[in-house]
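Now for the letters of each chain:
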Amino acid sequence: MYGFYARTASYNIFVTDGLREYLAAVGIAIATIIGLGGIMSYVTGLKWSGFGFALLITVLCYQYYFLVNAFWTKTDIQPTNRDINNQPTQT
Amino acid sequence: MALTITIAFSAVVGRAGPLEILIFVMIGGFLYELNRQIVAQVNIDIGGSITIFMFGGIMGTITSLILGFSAQKEELVKRTNYTTSRFNTTMAFLGSAFFWVFYPTIFYDVPNIAATTGTRTAPFLDQNGMINAYWGISACVVTSLAMSAVMNGRIRIKDLMYGTFAGAAIVGTSAPHIFNPVGAIVLGMIAGLLQPLFNLAEEKIAKGRAVFSTCAPFLFAVQGLLGSLATGIFRAIFNNGEYRFNSSLYPYPYRWAEAGEYYRATFISFGIAIGAGVLVGLFSWCVTAQTSRDYFEDVAYWIVRDDGLRPQRAEVKEEEDIKGAHSYIGAVNWLYCCACNDLNDLT
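Quick note, the sequences are listed as chains A and B, same order. To convert, take the position in the first sequence, counting from 1, and add 5; that gives the numbering used here. To convert, take the position in the second sequence, counting from 1, and add 679; that gives the numbering used here.
Treat the hints with care, since some could be wrong.
Covered stretches of chain A (in silico footprint by chain B; criterion: 3 or more residues with CB under 8 Å from a CB of chain B, positions within the stretch not fixed) [what the hints assert, rightly or not]:
| # | region |
| --- | --- |
| 1 | 22 to 32 |
| 2 | 40 to 48 |
| 3 | 70 to 82 |
Rather than coming from a laboratory, the hints here were simulated on the basis of the structure. Glycine included, C-beta positions come from ideal geometry on N, C-alpha and C.
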């Protein structure tokens, strides 16, 4: 019964910003893969295509997003008050 | 981004495969981030009515329209494989339920987004955003059920299933700006009243035509557009100075400048989405639309029967002939064949 309560960490969990982002990403991944994957499986012959392609899209996007985000951030479309070297701008 | 591209791809699922997915991700994702950062100049769009649902829905719709002009146009018009079954509908319904549970987590990392973009956002976004999303989706599902019963005499499972997504699309961007439960519930009810009508309109438009989408245009695009327009109204009537739930709906003074910013972002996003759809559609049409394939069948892209471990069906029959159904191996193979046949009969 002790094993039921055993944990790998002995300290309390801290809700950091990184954890919040991770939990949000996990929730959206589940909503996308199972939720939208399920609805794409509505057609009889697309049981595997629905879930499989939803998973494929999600995993591709989770990797690709960081590249495009970095690209468009450097173009400074969304004002961040930082220059290209991540130093504060005068404004 | 994953949600957006999946929504866009849902319009062409059954007619597109991994190569089209790569095109969707590379080009669509590139323009998605451009659109998101432009909208972020105005204000943050956390729930995604503008940048996720409307953008994905329009992109998918335009792509499906372009892919309608493919080599197998007649096959698309007939679409004999475009059927459903209770098993598939149940799976889709479970997917809808999962979406209802996990979609509000999109509001969970809000403090990290809000800190970088602006000072004109409402605080406590991670608190009222999630709960407003739940209220909106729930109200939409209930209203869709009622509307479906009124229209058809009985409940259409498709109307109930799409109610979740319609509610999420209409309440997404507005959710952080709503400080009264009535606002979220009313939005959900509007989506629930409209979605069964949109389903009916979509069926009538797609009948006998090669250009159609599975579920993208009315479900995501129009509901997302309505949600983005509603956000402007909420921004105009609710004062961000009172950061609490209240029962007062007194709107004066209206803040139309803030509403106008949201409408500007909405229509910029609309244009970028059309451009993204045209680009993705043209790329997909040039690369893959002219090849012949089985539409709306898994066998076009997946090895359905053989996973490399189980014996082939021909081998199983020979095994039965030699050893008979009384042996252990023969019995297991016989049971496997029966199970496969039963599953085939169900579908």
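Hints, one by one, checked against the model:
Coverage of a stretch by a chain is defined here by at least three residues with a beta carbon nearer than 8 Å to that chain's beta carbons; for the region 22 to 32 of chain A and chain B the count is 8, and the condition holds. With a threshold of 8 Å between beta carbons, the proposed coverage of the region 40 to 48 of chain A by chain B holds, since 9 of its residues qualify and at least three are required. Check on the region 70 to 82 of chain A: 7 of its residues sit with their Cβ under 8 Å from a Cβ of chain B, so the three-residue criterion for coverage holds.
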